[in-house]
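*Asks:* Sequence:
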Amino acid sequence: MRRGRFCFIVVCVLLVLTGSAHGATLRIGSWDRQDDPLTIGSEAILVQAYAQANQPVEFVSLPIRRAMSMMLNGEIDGNLYRNATIALAHPELVRLETPINAAAVRVYTRSRTLNPINWQQLSGLRVAYRRGVIIIESHLGADVVRVEAKSEGDALRMAAAGAVDVALAVEPAQGTENPVADGANLRRLDAALSSHLVHHYLLKRHAAFALRLDAILKRMQQSGQMDMLRQRAVMQMENPPRQR
Numbered sequence: 012m013r014r015g016r017f018c019f020i021v022v023c024v025l026l027v028l029t030g031s032a033h034g035a036t037l038r039i040g041s042w043d044r045q046d047d048p049l050t051i052g053s054e055a056i057l058v059q060a061y062a063q064a065n066q067p068v069e070f071v072s073l074p075i076r077r078a079m080s081m082m083l084n085g086e087i088d089g090n091l092y093r094n095a096t097i098a099l100a101h102p103e104l105v106r107l108e109t110p111i112n113a114a115a116v117r118v119y120t121r122s123r124t125l126n127p128i129n130w131q132q133l134s135g136l137r138v139a140y141r142r143g144v145i146i147i148e149s150h151l152g153a154d155v156v157r158v159e160a161k162s163e164g165d166a167l168r169m170a171a172a173g174a175v176d177v178a179l180a181v182e183p184a185q186g187t188e189n190p191v192a193d194g195a196n197l198r199r200l201d202a203a204l205s206s207h208l209v210h211h212y213l214l215k216r217h218a219a220f221a222l223r224l225d226a227i228l229k230r231m232q233q234s235g236q237m238d239m240l241r242q243r244a245v246m247q248m249e250n251p252p253r254q255r
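Count along the sequence shown from 1, then add 11; that gives the number in my numbering.
Worth flagging that the hints you see were computed from the coordinates, not collected in a lab. A portion of the hints provided could be inaccurate.
Said to hold, decoys possible - Restraint ranges, calculated between C-beta atoms of paired labels, are given here:
no. : residue 1 : residue 2 : range
1   : A172      : G135      : 16 to 24 Å
2   : S122      : A153      : 19 to 27 Å
3   : A226      : G173      : 46 to 54 Å
4   : A174      : A226      : 41 to 49 Å
5   : V58       : G135      : 21 to 29 Å
6   : I128      : E159      : 17 to 25 Å
7   : N126      : E159      : 17 to 25 Å
8   : R223      : T124      : 50 to 58 Å
9   : N126      : L83       : 20 to 28 Å
10  : N65       : I128      : 42 to 50 Å
11  : R123      : S80       : 38 to 46 Å
12  : S149      : A113      : 37 to 45 Å
13  : R77       : A184      : 22 to 30 Å
Just so we're clear, the structure is a prediction, and the values are computed from it rather than from any experiment. Cβ atoms here follow ideal geometry from the backbone N, Cα and C, with glycine treated the same way.
Please construct the entire structure, taking both the sequences and the accompanying hints into account.
*Replies:* In structure tokens form, the structure reads like this:
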């Protein structure tokens, strides 16, 4: 009798654990999901990490500002990544401590004479960038002519057309030039304006799961799986399969 009761309790516990591992789908705000190497590589890593955690996830395409506001309003469960200072300003968010990527702000221009190597040297220029990117918006001086674009691809196309002097893109730190610039008579300057680590964010109501997911990300980082997934995803973006 006791043994049967013990087995019944074990089965119940396993069912509870299985249910919690396969809970409701978490909805994560993302952006520029077709032509942004930073987004594509970061998503590939999180897709694998969520799968290893047995947690269903959906990446929702949103404008970057709306993704932030919807997360803060609790309409979605998290954002792909955010500026590192966000967690300090919004205690209702949880930042996963293991970075999913490393990024750099790079300058693109078709000019052969412009060569800004820091934020101050953008003074007086027409600068295009993706709308809502805090790390760019917070560094641009008051005398910069700000031109907001719907996506980084659009910002680069503005620079290629001569509508702006430079376009700024947040890219993987060790990445190659954005494929949109290829053949568009744009050059990427050698010096990055700044660099930073990229962290995934969830609402604090998912804090317990965030710890579990972070442990998985740490193992992926240490094993080299994170680098492999990132490189494979970006390579597939740059070299899509040919249509038969």
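*Asks:* All hints, please: hold or fail.
*Replies:* Hint-by-hint comparison with the structure:
Between A172 and G135, the C-beta spacing of about 20 Å keeps the proposed range 16 to 24 Å intact. Our hint of 19 to 27 Å for S122 and A153 holds, since their Cβ atoms are close to 23 Å apart. The supplied range of 46 to 54 Å is met by A226 and G173, whose beta-carbon atoms lie about 49 Å from each other. At roughly 47 Å, the beta-carbon separation of A174 and A226 lies within the given 41 to 49 Å, and the hint holds.
The supplied range of 21 to 29 Å is broken by V58 and G135, whose beta-carbon atoms lie about 43 Å from each other. With their beta carbons about 24 Å apart, I128 and E159 fall inside the hinted range of 17 to 25 Å. Hint check: N126 to E159, Cβ distance near 24 Å, so the stated range 17 to 25 Å holds. Checking the proposed 50 to 58 Å range against R223 and T124 shows it holds: the Cβ atoms sit about 52 Å from each other.
At about 39 Å, the CB distance of N126 to L83 disagrees with the hint of 20 to 28 Å. At roughly 47 Å, the beta carbons of N65 and I128 sit within the given window of 42 to 50 Å. For R123 paired with S80, a C-beta distance near 41 Å keeps the hint of 38 to 46 Å intact. Our hint of 37 to 45 Å for S149 and A113 is violated, since their Cβ atoms are close to 19 Å apart.
Checked against the hint of 22 to 30 Å, the pair R77 and A184 passes, with Cβ atoms roughly 27 Å apart.
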